[in-house]
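*Asks:* Now for the letters of each chain:
2 protein chains.
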Amino acid sequence: MSKAADDEGVPGGRGEPPGTSAQQVGGEAAGGKLPSKLSASSFTPGWTKVSCPCCASERVEPLVRVKLGPKVVPETKRWLIKLIGAPQKDGGAGLLAHPGEDATGNTIMLSAPRCTLLRATEELGLCKIYHNNEMEAFAYNDRDNFRDSDNMEVFLTLAERQYIIKYELDGLRAQKELRIPGMPDSRTLQKRDNIWQKLGQAGVIVDTFPLHNPGKLKDLSKSWYSGNQLAQPLDKVNEYFGSSVAFYFSFLDFYTWSLLPPAILGLFIAYFSISGSQQQEIQDEPEPLISGHMLQAVFSMLWSTVVIELWKRRSSSLSYQWGTLNLAERFAEPRPGFHGDLGVNPVTGRVEPLFPEWKRDLRMALVSVPVVGLFLGLVVLGMMCFYWAEARVQWLHKDWNSMISQTFLYVPSVLHIVYTNMLANLYRTVANSLTEYENHREESAYDNHLTGKILVFTFFNNFAVLFHIAFFKQDVPLLRKRLASLLIISQLVNQVTEVVIPFLVDRFISAPHRTESEDDPEEDKFRNQGTLPTFPGLFAEYIELLVQFGYLSLFSCVFPLTAVLLLLNNLTEIRSDAYKICKLFRKPFCPPVASMGVWKVAFEVLSFVSVVSNAWLLLLSPRLQKMSQEAGMSSSNLLMGAVMVEHVLILVKVIMAALIPDEPDWIRKKREHIEYTSMQALRQYTGF
Amino acid sequence: MSKAADDEGVPGGRGEPPGTSAQQVGGEAAGGKLPSKLSASSFTPGWTKVSCPCCASERVEPLVRVKLGPKVVPETKRWLIKLIGAPQKDGGAGLLAHPGEDATGNTIMLSAPRCTLLRATEELGLCKIYHNNEMEAFAYNDRDNFRDSDNMEVFLTLAERQYIIKYELDGLRAQKELRIPGMPDSRTLQKRDNIWQKLGQAGVIVDTFPLHNPGKLKDLSKSWYSGNQLAQPLDKVNEYFGSSVAFYFSFLDFYTWSLLPPAILGLFIAYFSISGSQQQEIQDEPEPLISGHMLQAVFSMLWSTVVIELWKRRSSSLSYQWGTLNLAERFAEPRPGFHGDLGVNPVTGRVEPLFPEWKRDLRMALVSVPVVGLFLGLVVLGMMCFYWAEARVQWLHKDWNSMISQTFLYVPSVLHIVYTNMLANLYRTVANSLTEYENHREESAYDNHLTGKILVFTFFNNFAVLFHIAFFKQDVPLLRKRLASLLIISQLVNQVTEVVIPFLVDRFISAPHRTESEDDPEEDKFRNQGTLPTFPGLFAEYIELLVQFGYLSLFSCVFPLTAVLLLLNNLTEIRSDAYKICKLFRKPFCPPVASMGVWKVAFEVLSFVSVVSNAWLLLLSPRLQKMSQEAGMSSSNLLMGAVMVEHVLILVKVIMAALIPDEPDWIRKKREHIEYTSMQALRQYTGF
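Protein chains in written order, with our numbering: chain A, 1 to 688; chain B, 1 to 688.
For the record, the hints were derived by calculation from the structure and aren't laboratory data.
Note that CB positions come from ideal geometry on N, CA and C, so glycine has one too.
Possibly wrong hints are sitting among the right ones.
Claimed, not checked - Simulated restraints on C-beta separations:
no., chain 1, residue 1, chain 2, residue 2, range
1, A, M633, B, L396, 46 to 52 Å
2, A, R428, B, S317, 37 to 43 Å
3, B, S317, A, F503, 56 to 62 Å
4, A, F254, B, K626, 52 to 58 Å
5, B, V605, A, F254, 29 to 35 Å
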C-alpha cells in the first residue's frame, strides 16, 4: 500500500477526485457514485489529527456514530471532539473524530488510529497471529512480529475495532474538576468521574452505536441465510459481529447438528410404537422387553452429557481461533457503573475504586437471594392459584353449565398468563437493580450475575408446570400432551414475535420514513441506521435454546418426536436469527468473550437435572409398571431400582465429564505455552 | 557475616581451630566437641571448588549423603565427584562434593553452592519473601530484591536445599556417549541417558539420602511431640521435612480439631439415648420425634462438606505461606523414568522426550482400567466366598457340634484375611507397573495416578463389607457392632504396627549395632543414619485418615461415639506419627507441593458418598421405621421421602461447595497479582 502521503500532514482538500490517496481521508462521498468497496470506508474530510506519525493512514474508516442531544451547542460539540481526539496521556480517548456534515449537526463520527487500536488490543488481552503462524498474546512492544499489524482492517476484526472505540470512550475519566463548555455549571464533572456516562446522564450524548458496513453485510448475509447452505460462516460472523454473537451462532449450529441422533432415535421409536400397536391389535404379540420410552430416557441422559462436554471442547477451539483465549478483563479498568472507595488495587497496583468482596457477598446473601426466592415463591403461588381457580371453575361449570360458565372456563388461564407476564417484567427490572446493587467490578461478572438471576426465574417459570405434572400428578399422558403443545405453540409464537412482527414493522411503518437508495449520500445511510431499534441482546435467544434443550433432555422420553420438531425448528431458527441481527436491528457493540459464560453452566445444570427427571419418568414408564405388576414386584422395590439406575447414571455422567477434557490437548499446550513464556519473561526482566 | 576468606580460594587446612573462618568449610569435626549449632554444618575440608565467586561461602553444610557400591574403585569415585562438581553448562550438577573420610571410602557428601540453589529455586517456581514483605515468584535476575537471598540457610528451608540436590542429580544427563571410568565397557552411557538412574542400575550408587540435622531435629521434636502442647509447629515441620510432610500434619491437625463438633454431638446423643432408654423402662414416656440416629445422619452430611471446603481454604493459605503457590513442575524437565521419542516440547520449546497424550489415555483405558477392575472383582469374589464359607461352616458346626467344627468356625475369617492381604500386596506391585507403563511426564502426575489406583482398591477393601451390611443385609445392629470393633481394633493394630514394632526393632535390634554418643565424630553420625530404614512415605498415614473419615462420615450415625474415639486416637496419632518420622526413619526427600494432591479429591468423593450412605441409613433408622408403620405410611412413600432428602442434601452440598471459595480472597488476589506481573513482563520485554 502506498504511504506516499505520510509526510503531507494536512487532510486532503475537499473535492479531490476519488481514488487519490490523501492522508487520513479517502475521497469525497457526496455526489458521484463510489466503488462499493470504498463506500463505507471513505468519508468527507475533517477528521481530528492523529498525535503520532505512525498512525497516519491514507484513509479513515468511520466506525462508530455518536448522536448528540438536540440542545447541544456547537461549543460543547467542539469540546467533545477535542476531548475524543486528545491523546490518552492528556486524558483524552486517543480516537479520531469527525463533526459530520457541519459543526452544528448532532452527529460525531468516530474512528481509531493504529496506535490506539494496538494498545487496546494488548490491554484487552487479545491473541493475534504471530509471524510463526501461531496465536500469541499480542504485545504492543512486539507489534512488528505480528502478522498484518500494519493494516488495522485485516489485523483486527470490524467488531473488535468498533468495540475498542467503545472501550476507549467508557474509559474516559475526568482528570480534574471540569466544566463542560456550553453547559450550565450544575453539570460540572468531578475528578475521576466517568465522562461518557455523565455526558449521557446530562443529555449531551443520546446514543453511541457502531455502524454497519453495507458491503461486508451484503457479503455476510449472502453466505449466511440467503441460500440453502447448511454450514454457517462462523468466522465471518465473528469478524463482523464479534465473538459473543459468533459464540451464540456456533452453539446454535453445534446443538442443531447434535439433535440428529435423538431425532433419528425418536423417529425409529415413533415408527415402531405405531406399527407395534397396529400389530398388537391384530396378533396380540408379546411386547418387547424394553420400550421406546425407557430407551429414550437412558439415551437422553447420556446424550446431554456428551453434547455439553463436546461443546466445551469446540468452544475452546473457537476461542483460540478468535484470539480470546487469554482475555485480560480482570486486569483492566473496572466497568463504568462500578463504584467504591479509591484505593490501590492489590493485583495491578493501580489507583481505582475498590469494593470489598465480603460486602458484595453480604449483599448477595442478604438481599439478592431472598428477593429472588420471593419471586420464585410468587411463581409457585401463581401456579397454585391457577390450579385452585381451574378446579373451582370446572366445578362451577358443572353446576351451572351455561354460556357464562363456559367463558369462565378460560378466565384462570388468561389471568395466569397475564400474572406470569407481569411478574416476569417486574422481575427483570428488579434483577437489574439487584445486580447493579451488587456492584460487580467486571462487565462479564455483571452480565453473568444478571443472566443467572433471570435464568433461574425463567427456568422455574417454564418448567414448574411440567415438573408438577411429572412428579406430583404423575400423569404421563398429560405430560405428553402438554409437551407437544408447548413445543409447537411456543416455537410458532417465538418465530412470529421474533421475526415476523419486527419485519412487518420495519417494512411498513419505519421504512417509508427512510427511503434509501444507493445514490444517497453516505451520511444519510449512517443516519438511517440510527432509526433502527437497538439490538435486544442474545438473552432471549439463549433462553429459547435452553428451554428447548430442557424439553428434550428432561421430558423427551414421553414424546419421542421432540428432537425431530426441534431440529426442524432450529434449521429455520438459524436463518431467522441471522436475518434479524443483520437487517432488523442496529449493529450491537460486542465485547470479545472466551465462551458462552454462564449459559454453559445453565446447560450443564440442566443436563444433570435430566438424569433425575429421566430416572423418574423411567419409573413411570407404563411398560415398566405393567411388567413389575406382572412379576409381582413391590412398588418400593421398583422405586429402589430406579434410584439405583439414577445413581449409577449420575456416576457415569460425573466420570464422563471428568474424563473428557474440557479443552483439546493442543489448546492446552498453547495455553501452557503462553503461561510459560510469560513466566520466562517475568524471570528475565523483573527488577531491572 | 564475614566474607574475609573470599579470596583464599583453597579449602582451609585440616586441624584449623574451630570457629576460624575458612573458605568452603567450617572447622574440624573429628576430635573435640563442637558447639551443637555448628555440628551439622561443619565438616572436614576437601569440598570441590565452586565455579563462581559469588558462591564462595565461609562454611559448607553437608546436606546429602551418597553411598557407593562396595566394588566401586577410586577412579570411578573421582570421576563422579568431578561430574557432580562440574558446572551445569558442562553437563555437571553444579553441586559441591566431598569424598568423605578418604578417597577409597564408599561415601560422597553433597552440598550446593548459592547460585545452583537460587537457579533451582527459580526453576521449581518457589515463591519467596520480596523486599516489600510479599511472597513473590523468585526470579534469579531479581535475586537481590528478595529477603535473605545472601544467606541460603535462611532463604531456603533445609528440606528445599536437600530436595534441590536431588533435583540436580536427577537432572544429570549424558551429553554424549560416555564410558564410566573404572567400570566395564558394557556400562557405557548413551547420549541423554539419565546418569543418576543408570549409575543406580549399575550398582555404582546404592543410596542417596538427605542428612538429619541433629540440632534442628532436637529443637523440632521438643516443640512437636515431647511436651503436652496442642498445636503443632507446622512451619518448623515444613522447614525441616518439606511441604508434603507438612501438609499431611496440617491436615491431621485440622481434621482432628474438626472432630470436636461431631464428638460433642456424639457424646450428647449417647448420653441421652442411654438416659432416655432408662427413663422409658420406668415411665414408658413418648419417644422424641427426631432420634439421635437421624440427627447424626444429617449432621454428618453437612459436616463433611464444610470440613473439606474449609480445608481447601486453609490448604491454599499454607501453600502461600510455604511459597508453593506457583510451582512450575509442568515446565521443568520430565521425571527420570519418563521416556519417549525426542522432539520439541511445544510448551517450553526445549528438546526432550515426548509422549503423546492419546497414547497414555489409550494405555489407561485399555490396560489400567480393566486390570484395576479385575482386582476389584477379586475383592468382591473374596468377600462372597467368605460369606459362603461362613454360612457353610456354621451349618457344619450346627450339624456336628464338636471341637473340630468349633475351630473350623475361624477358618473362613483367617483365609479371608490372608487372601485380602496377599491380594493387596500383589495389587501394589501391579499398580506400580501399571503407572510406570502409563509413562507420566511429571512426578506429581505419577504419584497421583499411583495413589489413585491404590486408593480405589483400599477403599473397596475397607468399605465393601460395611456397604454390604448396610445396603444388602440392611442390618443396623450388625453394622454398629462391626463399626465399633473396626474402629477399636484397627486403631490399636495401626498404632502397634506403626510405632511400637519399629520402636522395638530400632531399640533392641538395630541400635546395639550403632551405639552413638555426642562425642562421636560427625561422620559416624552421618553413617549411622544410613542404617535406619527408609521412610515408607505418607501413603499409609493418609489411608488411615481416609478410612477414619469414611467411618465417620459414612456410617457414624449408627454408632454415635465414632468421633469421640477418633478424636482420642488422633491426639495420640499426631504424636506417634511425629515421633516416627523424626526418630525411626531416615529423613526423606520431599518435593515442594502445593496441596495434598489426589488425597483432597479422595476426601471430597467420600464426602459425597456420605450423603447417599447417610440418606440410606436414615431410612433404616429404627425410629423412622417404627414411626412410619404407626402412621400407616407405605414403605415406598418412606423410600421416596429418603430419596428426596438425599437429593435436597446433595443440592445443598453442591451449592455450599460452589459458594465457599476454594481459596481465601487475599490468596486469589496474590495469585492474580503474580499472573498480572508476568503478563506485564511478557508485554514489556518480548521481541527484543
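*Asks:* All hints, please: hold or fail.
*Replies:* Against the structure, the hints come out as follows:
Between M633 (chain A) and L396 (chain B) the C-beta distance comes to about 35 Å, which lies outside the given range of 46 to 52 Å. Roughly 41 Å separates the CB atoms of R428 (chain A) and S317 (chain B), a value that falls within the hinted 37 to 43 Å. With their beta carbons about 59 Å apart, S317 (chain B) and F503 (chain A) fall inside the hinted range of 56 to 62 Å. With their beta carbons about 54 Å apart, F254 (chain A) and K626 (chain B) fall inside the hinted range of 52 to 58 Å.
Taking the beta carbon of each, V605 (chain B) and F254 (chain A) are about 31 Å apart, inside 29 to 35 Å as hinted.
Going down the numbered hints, you'll see the structure goes against just number 1.
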